[in-house]
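Chains as they are written, first to last, in our numbering: chain A, 1 to 359; chain B, 360 to 718; chain C, 719 to 1044; chain D, 1045 to 1370.
Keep in mind that the hints were calculated from the coordinates and are not lab data. Predicted model only: the values in this text are computed from it and were never measured. Note that CB positions come from ideal geometry on N, CA and C, so glycine has one too. Hints may be right or wrong, so weigh each one.
[Unchecked claim] Under the rule of at most 35 Å between Cα atoms (straight-line distance), these lysine-lysine pairs were calculated in the DSBU-like manner: (1) C/899 to C/970; (2) C/899 to C/933; (3) C/998 to D/1351; (4) C/970 to D/1296; (5) D/1225 to C/970; (6) C/1025 to C/971; (7) D/1296 to C/998; (8) B/462 to B/410; (9) D/1324 to B/419; (10) D/1225 to D/1296; (11) D/1296 to C/971; (12) D/1259 to D/1296.
[Claimed, not checked] A few chain D residues facing chain A, derived, Cβ under 10 Å: (13) 1115; (14) 1133; (15) 1188; (16) 1247; (17) 1287.
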Amino acid sequence: MHTVARFHIDYVRYLDEDGQLAADAPAFAADNAVLLDLYRRMNFLRCFDSKAVALQRTGKLGTYASCLGHEAAHVAIGLAMRQEDVFCPMYREYGTQFVRGVKPREVLMYWGGDERGNDFSGPRHDLPWCVPIATQCLHAAGAALAFKLRHEPRVAVSVVGDGGTSKTDFYAAVNSAGAFRLPYVGVIVNNQWAISVPRSAQTGAETLAQKGIAGGLHCIQVDGNDPIAMLAVMRDTIERARTGGGGTVVEAVTYRLSDHTTADDARRYRPEEEVKQAWAREPLKRLRALLEARGIWDQAREDAFKLEANAEVDVEVNAYLETRTQPVTSMFDFMFAELPHDLREQREEVVRWEAGHHG
Amino acid sequence: MHTVARFHIDYVRYLDEDGQLAADAPAFAADNAVLLDLYRRMNFLRCFDSKAVALQRTGKLGTYASCLGHEAAHVAIGLAMRQEDVFCPMYREYGTQFVRGVKPREVLMYWGGDERGNDFSGPRHDLPWCVPIATQCLHAAGAALAFKLRHEPRVAVSVVGDGGTSKTDFYAAVNSAGAFRLPYVGVIVNNQWAISVPRSAQTGAETLAQKGIAGGLHCIQVDGNDPIAMLAVMRDTIERARTGGGGTVVEAVTYRLSDHTTADDARRYRPEEEVKQAWAREPLKRLRALLEARGIWDQAREDAFKLEANAEVDVEVNAYLETRTQPVTSMFDFMFAELPHDLREQREEVVRWEAGHHG
Amino acid sequence: MAEITLIEAVTQAMAYEMRRDPSVIVLGEDVGVNGGVFRATAGLHAQFGSERVLDTPLDETTIAGLAVGMAFQGMKPIAESQFDGFIYPMMDHIICHAARMRSRTRGRLHCPMVLRAPCGGGIRAPEHHSEAPEALFAHIPGLRVVIPSSPARAYGLLLAAIRDPDPVIFFEPKRIYRQYKEEVPDDGEALPLDVCFVLRDGHDVTLVTWGAHVKETLEAAEQLAERGVSAEVIDLATIKPIDFDTIRESVKKTGRCVIVHEAARTAGIGAEIAAQLAEKSMFDLVAPVERVTGYDVPIPLFRLEMKYLPSVERIIAAVDRTLAYR
Amino acid sequence: MAEITLIEAVTQAMAYEMRRDPSVIVLGEDVGVNGGVFRATAGLHAQFGSERVLDTPLDETTIAGLAVGMAFQGMKPIAESQFDGFIYPMMDHIICHAARMRSRTRGRLHCPMVLRAPCGGGIRAPEHHSEAPEALFAHIPGLRVVIPSSPARAYGLLLAAIRDPDPVIFFEPKRIYRQYKEEVPDDGEALPLDVCFVLRDGHDVTLVTWGAHVKETLEAAEQLAERGVSAEVIDLATIKPIDFDTIRESVKKTGRCVIVHEAARTAGIGAEIAAQLAEKSMFDLVAPVERVTGYDVPIPLFRLEMKYLPSVERIIAAVDRTLAYR
Ligand SMILES: Cc1ncc(C[n+]2csc(CCOP(=O)(O)OP(=O)(O)O)c2C)c(N)n1
Ligand SMILES: Cc1ncc(C[n+]2csc(CCOP(=O)(O)OP(=O)(O)O)c2C)c(N)n1
Ligand SMILES: [Mg+2]
Ligand SMILES: [Mg+2]
């Protein structure tokens, strides 16, 4: 008996829960502009998120998936990617998408029951929100395969949840990224819960990052509440993927501070104490502590920023609320490049119907 | 950055290609009766296999999947299991099944296009051959879950190929075995090829055993041409699973010495040289060398055994060839415990038709 | 005896059968402590514990494959697909194994499982949460497919489904999960899995429907009655096997048939019913068959979904078209 | 110009389009050096190399998901399912994504892919190698479904499928892969994806079929002709959308319709055609519609498979039943 293969999973954190920066932090952590940009984006995201929840509560939005607590992970992914890369989200990565150019009003339209939210202004090649869990991972692998075959220096990045790593599509993405050595980075945003099912019930694996070993990918675990570690790791892994060094599974360890969606009531299954403790580790607080320690942020700036951010969100909300419903015929008009005759008939039926000719 | 998890994959071999036994071989390797039993079963299997191929070539059997080269792995799995365990085969593990009580004529019936081959005399709870790759792994996990919930000290064992480890069902089985800590042993018989696709194209992973890490299972790689190592590893892992110690992924490294099936022509894609080299490592030869060195086997005994084995196979072949085709109505009779009215009508239609009432 | 909703009837049936038969277990995503995202398994975990009510890892292939494996070994799993739109990864195990194991092994092994899934639109849910895939399963030999339309029928049909020794796909129309309550005695009485229900007698036209659209169809019948048109309303209930005899008898009387379902029209179950009419009731029909269905598009997001779903008005218009023939 | 078989026509179409359009790539199990288990991709790897012809890991979910992802990013993947019976794990990506992305994104992204699979029984193959799942795909909004029945139609329809900017499911009837040869000019001429083919004119009865059963149906028509019965034979070819106009015209003339397919009867495509007849051709029909189909059982292993598949005799018997009506 002898050993034929060895593996290990590293964990990266530079900014601790009290806002203390580790000595080995990457160079960009000294750049206040970078940190301020991170913080402002995270902060804006939180304003947007609480507004969206409020809209749902008042009947002005459908079911909405909050990103509360995920801000560091989501924003860092966006900042590490290039425009020409492809982002394949699940359903709560607004933070990534805002960096890339998706508008808040588009997010609202989607959750407001209007397909036009998916026709967003972010990179036109990015995938829309993906409800069937983890299927986006395989589409990202497919995109990465297209890049590789076309010799384009582009990277596909997907996000999946802790629950989503149980889904066969996730494994299939890892397997094909390894088999074809694809420019693919699969980020797991491990927020400890998949609706009511805790991380511990999903798998017997010690870490979720190690699932990448199954496909021969690079694997790494990061403190997903540490925006500096997240940005560093995402930059490194994306760069490696871009330059032919192979794909990575990144596990961002964070916590879902909200209900799963507005249709969920987490109090049914989740200990209040756990949530309380998680608030102590949340990402905005610790980055703000660092910024304040550096003297580049304070309560006044925070208040001013919030005012501005909320005003900006309000503009978006109003734009959303003012959007007229699509014509009924829209359900046919994007089915095919050219409408086949059977659908043409059905469309005409609807046109007649809407015109009041019920015969 | 610090390391949060470490893994390694061990490789087990006791009997080398020249029939030399390693010093650390398990105790049973000293037991000639065990080794003779192993050898005879492997030898019988090879007789059966070449007869089955011949039957196909002469039009007396449908497509057949040979087990040439897999004898050590297949027989050892059978010998390590208890009757009350559940075996979930793919489609070439006759060696395992013969140990468990399946009759050669039943194997022939299945490949001869007769469902009754699946109604075999082996353990009645064992699964039949499974064509949709790797789906049996998940059924094994389901069986193991049933054992666990019923507090039965039984183990479910599945076999999958190297190609099959790319299949999402395999990952799903690994994941659930880990999540529920099931009495499950998933054996990968890595014969280097999945029809025409080499092992290297299936995955970027260095070993297939390491796929178990993704689910937190035990993982081990074995020389699948070494019947002693195979038996030792299977006994250990099955025992551990039975006693609540968790599941294992066993990678048995072997080689497919035949075409994929009789419908395949491996010369189209596989270097002859590789096959030649593989013959030097095949399992019967090395075990025979050990037996001969111990003075308990020789050419005369080999010839006598072959005569006997071939006669036994002939009895089975004749029984198969004499089997009358099932009545046409058999296609309805096992659809449901009680035939629903729509199928009753269709069955009656067939009965009338077969009786010549075509109206 | 309390009045209960359709979803409560589902829970009641599972609880009844779990008490009676220790081999019945429930598995799926969030079915445990959370009691299911719709609360269909509410209370079961507390009552029966973690060995009878299992939260699975988040993978539908896993749920289907595990259920199939357990069923082959003598358990009676009730597996849940959290929504209709997540059932497709389950199809391989259902089609290739659940539906065939008895036949494949000539009766040696079989698959006594139920696959439950909420189905249908109209609750303003996100994408993939509003689908009606019953036709996909009805085409598969070896399956039974059931969709109840009232609390009492949900209770009796689900009991029958759990007890049935073969696989049953059980769709629950989520739009009417809590639409109304009725008395459903918890008496363990199952309903037959091959009989449809005549909910309203009539002699001018036969309306065949199932699931949530029983509501709109009965409403249409009511409005038609006000105009002196007498519509017979049939709840198909068991989508496979179809109780065509009852439909045929009705059409013999009425001479007209309008089929209503929310799934896409092409190759939906409406097609099968219309086909059987074309085969067996041609000379009873005085008017062409009509299908009032979802269009051949994915059900739109919720701002437009009611425009997709068959409405009372569309049903009445179809009936009117058949009435033009004498 | 050489005469070629249906499978050679498939290869020829792929090679033509790969030469013409660099975004066309082929992926699947064993499609590379081995040229496919049926040899449909024979020579493509040698001609176009490993960046155009990709052997994938052994997983149908992977093949479908990768193809969908590539298609969203502007490639035109031709994905192969090695056999019909292995297509079910692909359904989730096909249904939830390929078929919907254009509609979901209001046209921003779309999915120009072809999913090829051999289909049907009759070649004495093992289990899961002989299925006819076309109805499952035809029910899904957003897909086109095609089954050719001759070398020339295979060539023209596959070219059209590859060029189509939306997903097309392309089933190839393996029983007639090498049944006969015909001249198929390699001229890049595509056939329309919404027109069926009238293969034989007749005025007593309309026979509608597709794929391998065109053979038995034409044979039945031939035998019927000897008895003085004139049967019109229609090859449906595009299963979705169905060219019902051609069928309607034919039935207007013949008054009788027999539909032949090898898939299970319930909720098969025969049901959809019969349903449209019941809706639109009721008063043209003088006899009930007949369906000659596979039974509602999995196709048996090969000793009995020919007893399952519609035979010439069963087709003629059905025609005779319709002829009893005047
Ligand atoms: C295939 C599929 N099954 C089930 C669901 C229902 N569902 C939506 S979110 C969710 C939990 C996801 O958990 P996780 O992957 O951890 O992501 P999170 O929501 O926590 O970010 C489930 C089960 C779904 N959307 N898709
Ligand atoms: C789901 C599925 N896809 C494709 C096939 C066709 N097929 C049969 S065997 C095989 C290769 C299997 O290779 P491997 O898993 O290595 O097992 P081996 O045959 O080498 O023992 C393939 C692709 C199948 N049976 N099932
Ligand atoms: Mg989560
Ligand atoms: Mg192999």
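Results for each hint:
no., hint, result
1, C/899 to C/970, "holds (34 Å)"
2, C/899 to C/933, "holds (14 Å)"
3, C/998 to D/1351, "holds (25 Å)"
4, C/970 to D/1296, "holds (25 Å)"
5, D/1225 to C/970, "violated (51 Å)"
6, C/1025 to C/971, "holds (32 Å)"
7, D/1296 to C/998, "holds (20 Å)"
8, B/462 to B/410, "holds (14 Å)"
9, D/1324 to B/419, "violated (51 Å)"
10, D/1225 to D/1296, "holds (34 Å)"
11, D/1296 to C/971, "holds (27 Å)"
12, D/1259 to D/1296, "holds (24 Å)"
13, 1115, "holds (8 Å)"
14, 1133, "holds (9 Å)"
15, 1188, "holds (7 Å)"
16, 1247, "violated (26 Å)"
17, 1287, "holds (8 Å)"
Checked against the numbered hints above, the structure breaks hints 5, 9 and 16 and satisfies the rest.
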